[in-house]
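Produce the complete structure using the sequences and hints provided.
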Amino acid sequence: MASAVLFEEEIRRGRLVAEQAAQDRNILSNKLAVQTHEALETETRFRQMADLAPVGMFHIDPTGVLVYANNDYYTMTGHPRDVAYPMSWYNVIAEIDHPVMDKEWAKLLNGKPVSFELRLTQQFVAEELVGGEKVEGFTWIIAAAYPEQAEDGTVTGILGCLTDISRQKWMEGFQTRRMLEAIELKCQQENFIDMTSHEMRNPLSAIVQCADWIVTSLLEFEGDPKNVTIPREVVDGYADAAQTVVLCAQHQKRIIDDILTLSKLDSDLLLITPIEVQPITVVQSALRMFDSQLQKSDVELRFRVDRSYQKLAVDWVKLDPSRLLQVLINLITNAIKFTQTEPQRKVTVHMAASTEPPVDKHGIEYLPRGSNRKDLSLGSAWGTGEMVYFYIEVQDTGRGLDDRERALLFKRFSQTSPRTHVQYGGSGLGLFISRELTELQGGQIGVSSQAGVGSTFAFFVRAPQSKIISPIALARIQSGGGPTTLSGKKKAVVSPAPKHVLIVEDNIVNQKVLSKQLHSAGCIVHVTNHGHEALSFFSTTRYWSGLQDTGIELSVVLMDLEMPVMDGLTCVCEIRKLQKEGMIKGHVPVIAVTANARSEQIAMAKEAGMDSVVTKPFRIPELLPEMERQVRKCREMESGRLADAVDLERSASVPPC
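For the sequence shown, the UniProt record's numbering assigns the number 1 to the initial residue and increments by one for each residue that follows.
What the hints contain is simulated information worked out from the structure, not anything from laboratory work. As the structure is a computational prediction, the values presented were derived from the model and not from experiment.
Capping the alpha-carbon separation at 30 Å, the derived lysine-lysine pairs in BS3-like fashion look like this: (1) Lys516 / Lys633; (2) Lys516 / Lys499; (3) Lys311 / Lys346; (4) Lys253 / Lys318; (5) Lys253 / Lys616; (6) Lys253 / Lys516; (7) Lys512 / Lys616; (8) Lys264 / Lys318; (9) Lys516 / Lys296; (10) Lys585 / Lys606; (11) Lys134 / Lys186; (12) Lys103 / Lys169; (13) Lys169 / Lys134; (14) Lys606 / Lys633; (15) Lys361 / Lys337; (16) Lys296 / Lys512; (17) Lys499 / Lys616; (18) Lys606 / Lys616; (19) Lys585 / Lys499; (20) Lys606 / Lys264; (21) Lys616 / Lys296; (22) Lys318 / Lys606; (23) Lys264 / Lys186; (24) Lys296 / Lys346; (25) Lys616 / Lys337; (26) Lys112 / Lys169; (27) Lys296 / Lys253; (28) Lys516 / Lys606; (29) Lys499 / Lys580; (30) Lys337 / Lys253; (31) Lys318 / Lys616; (32) Lys512 / Lys253; (33) Lys616 / Lys633.
Laid out in structure tokens, this is it:
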């Protein structure tokens with residue numbers, strides 16, 4: 001009986017233990033399921049984090065097989081997603097950096113963490129521009145990786161991440177380039193300032209010495225102050241000194257023009273203004289500028305026009321004559337400079353025309369067009385005429401250039417050698433500017449040269465032919481701007497000059513010199529010191545209301561811009577205002593005579609009311625025709641108004657039918 005009870009108790013206790021074990025098993029199963037779920041959620045979360053991280057993450061086994069990589073890894077490297085053979089990722093590394101990867105992989109297999117930079121084969125390209133440059137190049141990354149190791153130290157895998165530093169690397173390179181360019185530009189500018197100072201001081205010294213010699217030699221002559229006898233050789237010396245002064249002043253002007261042009265090019269403010277011209281006339285006018293220099297240097301200058309010019313029946317075209325002249329004058333100046341010390345001194349200017357770019361003429365090596373230079377000859381202002389390419393070649397018998405010297409041509413502030421500057425002078429800007437100007441006009445420039453034989457510089461520009469002559473071009477013809485022939489003998493330039501001139505100028509020296517020259521040209525000259533005095537003078541002239549018959553005669557006004565009390569722009573505005581109000585009767589021709597040579601300054605002067613602008617320095621033979629043109633233009637305007645008034649009066653007197 002007792003044993004039966006014990007047996008039942010044992011059975012009951014076993015049942016309880018089994019039930020408890022089952023409960024514990026259920027609890028453990030539930031806990032395991034929860035933990036498994038949490039682990040899966042955690043794994044999913046970390047995988048999502050890896051996929052969304054802005055870095056490339058990877059897991060590689062010891063054999064180099066890519067076990068896992070996130071989206072950024074594939075996007076950054078360009079590694080195919082379905083490729084998984086040993087060391088496949090080596091294909092995405094730039095070959096130049098394979099040695100770097102070999103070294104770092106060996107460290108990882110030895111159980112050492114690494115961090116290093118690599119270039120990938122995939123190119124980096126950004127959408128935006130920085131400083132006008134495309135942001136592109138190698139894809140650069142920083143790779144940081146560490147080895148997974150077993151308890152015995154065996155490497156079981158490699159974990160790591162990649163960070164794209166392409167933009168930073170490009171910016172570092174960009175900053176380095178700009179820094180080096182700035183340093184180089186600073187050195188060039190310092191050299192340029194040194195050369196410019198030298199080039200300005202040399203002719204200035206000659207000008208001062210010539211002037212001193214003239215003044216000193218005049219003091220040596222005594223006698224009747226009204227009748228002084230000067231020996232012929234002294235007069236010849238004076239003429240030679242005056243010619244030297246002119247040449248030195250022209251040299252200084254060329255340097256100033258080059259600096260001004262360079263400033264406009266750097267600021268992208270240089271304008272090309274096409275007008276109707278006859279190219280032969282433009283070239284001939286340039287050649288005449290060198291008469292004095294050719295005589296002094298004993299250099300023979302020839303001008304030839306190719307048959308192609310007549311074959312294409314070229315006459316009037318649309319181009320910017322000032323920019324064409326700037327290039328041509330530069331080349332001729334260089335040719336004379338390098339030829340004047342040679343036994344044979346000849347310079348030949350050859351002009352031709354074609355319907356295609358003449359890039360294969362006479363062995364000339366043309367410079368390729370700059371990628372950042374716009375072609376302004378494609379604008380609407382150039383018209384729709386048949387396009388012609390004008391080819392101009394300047395050949396000299398100078399010392400010529402070797403290969404090394406030719407390689408330095410057409411670069412900013414560059415000369416063929418330091419000896420070139422010492423022996424021949426120059427700022428090193430002329431050819432650089434010439435290249436820029438030809439490319440702006442749809443052309444190119446080049447050279448062919450042989451040391452000891454001579455050089456040939458050539459350029460061409462594009463211009464449409466013009467069938468209709470504009471009023472501006474017609475005015476130039478009527479004012480004597482038509483074709484002329486070259487002659488070896490100098491002829492006196494006779495320009496009809498206005499008789500009554502008002503000079504408005506605050507500089508006493510300029511007043512004195514200009515007044516004397518205009519007196520010599522047959523003008524009656526009045527002088528005022530600023531705009532306020534000029535307005536006061538106007539109230540005494542025949543232009544003033546009520547003084548048409550008794551006032552002082554006045555033909556034209558020459559007005560400076562920068563003056564005290566009242567500047568030139570304010571003064572001309574007041575003159576035009578008084579015209580509108582009727583206090584000044586008729587249109588007064590006013591010519592601005594100023595050193596403000598920038599195109600926007602000239603435009604501002606004309607907007608203020610100036611009829612024309614003559615920039616300093618100028619010569620009287622250049623000023624007188626412009627004065628005559630403005631006076632004639634004013635008279636034609638007055639005649640037109642009178643004719644209109646007569647017609648109106650006649651029509652009013654005719655009785656209606």
